[in-house]
Amino acid sequence: MTEETKTASSVSIWFFIGLSLLVNGVLILGAGVYEVVQPPPEAGRVVLFGYHAGVWWGALLAVLGGFYCWHFSPKRVAK
Amino acid sequence: MHLAVLVLSPTTLVHLSPVDLAIIVFYFALVLAIGVYLKGRANTGEDFFMAGREMTAWVAGLAFLSANLGALELMGWAGSAYQYGILATHWYWIGAIPAMLFLALVMMPFYYISKTHSVPGYLKLRFGEPARALSAISFAFMTVLMSGVNMFAMAKVMQIVLGWDINFSIWVSSLTVAVYVTLGGLRSAIFNEVLQFFLIWAGALLIPILGLTEAGGWANLKVLITQRASEQYVHLWSGLGSFSANPMGIHWTGIVFGLGAIISMGYWTTDFLVVQRILAAKDIRSAEMAPIIGAGFKMLVPIIVILPGLLGLGLLPMKLVPESVATVTHGYSYNDVLPLMLARYCGPGLLGLGITALIAGFMSGMAGNVSAFTTVWTYDIYRPLINSKGSDHHYVSMGRWTTIIGVLISVGTAYLVMRSASIMDYVQALFSFFIAPLFGTVVLGMLWKRATGPGGFWGLLCGTVSSISMWAWVKVDPSALRYVALSPDAKALAQDMYQALWSFIVCVVVTVVVSLATKPLPDSALTGLVYGQTEIPAIGDVPLYQKPLFWAGVVAAVFVILNIIFW
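Protein sequences, first through last, are from chains A and B. The working numbering puts the first residue of the first sequence at 1, with every later residue one more than the last. The working numbering puts the first residue of the second sequence at 1, with every later residue one more than the last.
A couple of the hints might just be wrong.
[Stated by the list, open to error] Here are some chain A residues pointing at chain B (derived, C-beta under 10 Å):
#	residue
1	Ser-10
2	Asn-24
3	Tyr-51
4	Gly-66
5	His-71
6	Ser-73
7	Val-77
Since the hints were derived computationally from the structure, they do not count as laboratory data. Every residue, glycine too, gets a C-beta built ideally from N, C-alpha and C.
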């Protein structure tokens, strides 16, 4: 799916998407881990706080984004 | 006490943390970077207006879907799901899937072979200049006006949800869109639409996952909804036997013939805003596959739109009310259900991603409107009617300037709506007037070679006028709804369905009558434009799993199964 969304010297759209998922994933994972280490007071917690959605969702986005960044990186695609 | 309740101050629904703001700022930086990066690839008319016609089926298909997946769409239909139950899913399934498959298999070959730049461009080739002028002028101006209305509505949402100043929201979002579309043209708009698609799923998918966990699964959620509302809120078809037996006040004929056969066909096959994405595909197989890919994902969108509305109905401690009541009582309206569910489950970071998804949806919708306006203005109004002798470079410059002017008109419309809210209703109604008759004109043009230029023009005009007349009739005399929508129990949505059906019929009848009374076009003038006069290029010797017909069959089968499951 990459060939026509780039030119010889261009960056694939999928790389930009990977970058977006990676940065957002890392930020969300960081915020999630901080909440595990430093839990907010009971009254300030979201519903199902114990599931720590920020941790696993952030990790999932970061892994997916990292894979896209690697697979569609301009250097790798140019080879 | 949960955070969802804690953060709900009288003025804002949610409060953002620094990490949420960092995610939003990163999104703005990324879309601007994409625009700057793509500037070097928007030098010719084909590049700027048609993205070089080199998009793969995946990119074109996701952009095709994303152009329709705006923030107001997400919030509005989540609110409708809270208000009407699972019936709102009809707008995603029967109100989209058959039309997308019809576009892919029947109409796309003609759009693609004719090498037109736009839907009005096809009307020029098939029916002549008058039909194109009528369609282009109405589309161009309605598009930027709609963009302005959406801009104001979104700024209002940002004010309510986040407490942001309306002027700040309007100018930051519109200037960002102006920069990246002016620099990168349609390619930039499409890239950002694909990015938005991923952000929306990343930002919204947690709500149904955590919501169903809290509810104890779909079966338990149905029990909760039945206790709080009624059993009809969880059935797609079983309550549509009469107008009064379902929360929407609609009959199955309105859903099937009005929504499925006319409104959705009109929107998905002739609204240039969405069709433009497919025209940018690299070859005919990609152009046919793109709407099928879009249809496959469209069937999944209720998971992040309808399900949160239903979860809100089953789980939220407070009762949501219509917007008009919420304004008076300072309560929460149906349209607030998605932000409320975001606040219920999403802590720092996740909340920022959810809000970014809403902002991205709004901005890419606006970019879609502006890029479609730019193409239609330049190719279908400016070039044929004002300056037909310009160079390619001149038209690209015109496209860039038109993008800026289109954004400014949108901003002006947003401020106009701010001064008088009733303008919003009129503009939204105006836009709907053109869709159903335009579908009648285009589909007759493609499938019936006897249709003539005068037939196409007068059919389109009479269909549009009939639609406006019915709307005005009900506006002046609300009891006229019993005639337009066939029942005094019908509600506003039912009126839209039947109004579209009648205006389509008027368009078809007038087109047929006038065509039969006028001189037929020679066959040579119809080559590449009409079924029976056009040799559709073979897709090539590809395996079964690469054939559009195969995947259309798969999507159609899943569509039928889903409707049976949720009957």
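Consistency of the hints with the structure:
no. : hint   : result
1   : Ser-10 : holds (7 Å)
2   : Asn-24 : holds (6 Å)
3   : Tyr-51 : holds (7 Å)
4   : Gly-66 : violated (14 Å)
5   : His-71 : violated (15 Å)
6   : Ser-73 : violated (15 Å)
7   : Val-77 : violated (14 Å)
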